[in-house]
Amino acid sequence: MSVLKISEVSKIFAGPTVAVDKFSLDVADGELVCLLGPSGSGKSTLLRMIGGFERPTSGLITIDGEDITHQPPEKRPTGMVFQSHALWTHMNVFKNLAFGLKLRRLPASEIKQRVEAVLELVGLAGYGGRGVNQLSGGQQQRVALARSLVLEPKILLLDEPFASLDQHLRERLREEVRDIQQRLKITTLFVTHGQDEALAMADRIVVMRDGRTEQVDRPDIIYREPQTPFVAGFIGTMNLVEGEVSNGHFKRAGFAVDMPIADGPAVLAVRPEALDLTAAEPGTARVHRVTDYGTHGLVDLDLRDGTRLKSMVAHPDLFKPGQGVDLRPQAVSAYRDNQRAYRS
Amino acid sequence: MTDAAEGAKRPLIEGAASRRPTGLLLVAIPVFLVGWLVIWPIINAIGRTLWRPDASGTMGFDLSSYVFFFSDQYSINNLTITLWTTLMCAILLLVICLPIALYLRFSHGRLPAYVQALAIFPMFVPSIILAYAFIRVLGPNGMVDILLNSVGLPKIRTPYLTPWGPVIGLVWDNIPLTVLILLSGLGNVANHAIEAARDVGANRLQVFWHIILPRISNSLLVAISFAVLGIFSSFTLPYLLGPAAPEMMGPFMNRTFREVNDPLNAITQAVITFGFCIAFGLFYVRSVARNQGQ
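Chains A and B are the protein sequences, given in the same order. Last residue of the first sequence? That's 344 in the numbering used here, and every number before it is there in order. Last residue of the second sequence? That's 294 in the numbering used here, and every number before it is there in order.
Derived by calculation from the structure, the hints in this document are not laboratory data. There may be inaccurate statements among the hints.
Which residues of chain B face chain A? A partial, calculated answer using Cβ under 7 Å [claimed, not checked]:
(1) G109
(2) R198
(3) G230
To list a few chain A residues with every Cβ distance to chain B over 12 Å, as calculated [claimed, not checked]:
(4) K95
(5) S148
(6) D159
(7) D220
(8) G236
Built from N, CA and C at the ideal position, the CB exists for glycine as well.
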């Protein structure tokens, strides 16, 4: 039952490179928060500062009110799962898990009991005697998770733990990790650059960019109501069209949308699933390519000035390359000065 | 037939039968040289010390030169000082080189680059230059003595011509190779493995003992095996820096052969030295094999 509080934390590397810039976040007890962002957005650096592997240039990190900002990793009540698993190949699975418990001088019987319990939890009961090199990538990742869980940390830190796994395994493991996290009610911070992972697992998502927070919200809100064009473009597929608003209409190359905001430049955002098409000649746009995914189709469109848009359609066979179409956006947002200015 | 089809029919590597003579020719010269200059002298030396004529001139099996070596106190002392020097050098090399390698592995920036250059520098200094540099610095009336004298302090008890003379010289001489081998071993220890250990509560000493040391054990074995093999049979530095008696096996063999003019006992000393080196060599081969097995 632990609360993590990050206050105005910055990290400036020599150069100087600002990796994390006055970042603040409160993670509630038992909550799973995903740090999501592109490479170089500072999410891993932030996680490493919480784990004690990087020293913040400024700011404060507390767990349950206790300042851990300058504590070494071995003194912190955190457990970290690394992207590369970081298992010790000269030890078998049992010894990997027991190592931290032995350092805490627990009795051998208790170590055995706790290791077996956590192996059961991650679905690796009976694997204690195996060498870690004998395990598959997914099993190694479970051992890495078990190694952190066996110490019952207050905060679990996951640094892109599934990045080295294939898609199928990744999907299965993220469900398992989420189940375990909810069962143990352990406060968890999860770093990923995979939006699917974040949307599927997180209670809240922190979208990071250039070391700063772009938006912190529930996954559904992040998806439906992105507050900045960066978040809109980063989460899911989004059509972002730069244009001009005049007299309550957004216009770009013959494509017009009602938009009751002040005149001036704006960025229109519309999801492919919210952009309906109707056949029309010559039409507002022309079909460039049609991709049939079986469950749905994706139509690539070109506006008259060549601006490329995407539309998700239920019947892709109705559209052919070169065909003219009219666009009917069902839900749009508009951004101005890096802030949301309108939502239909 | 298309090119692709022809390619499919043609084996990627030409037939083994046609390659065999070329391959054998390529290895023939080095194999011949090793056989002629290494294997044959070994067999010859062992044969000449074990298969000798008796008083009547009849050839037969004879261990008398070995019996003499192991019953002669002077020979035993020389073997003992050689083993002692080798052991001291091995210990000192570990004590000196492991911290240097650890520092180089886990530090970044300009200073570690200078330290590495300094650690590798002895590799480019010939042993004989090193020996005379040692004498000019640590020898009687050397630089240290002159400096101490200039401030009114007594002279140092110089290690020159004592058993510590060769130890200091050989350690200096072997630092570069030992550091390089250890550094290579440490390069295989992933940062994440160390961070994971610290994450579960290990302090720096525990990380070193439980994570780093087991991971570089093979490199340690290889480094020490290499150093020991060279030190045990070394000549120049013990000859120039060591005491007249007891002396290490290298100078001992040379003196027995040239000054005492006793080739049989010199060869016996060589075979015994070879025996010890073979034991160290097997240690090295075992560690390499274990490394490859992993």
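Hint check:
no.	hint	in the structure
1	G109	violated, 9 Å
2	R198	holds, 4 Å
3	G230	violated, 29 Å
4	K95	violated, 10 Å
5	S148	violated, 7 Å
6	D159	violated, 9 Å
7	D220	holds, 33 Å
8	G236	holds, 32 Å
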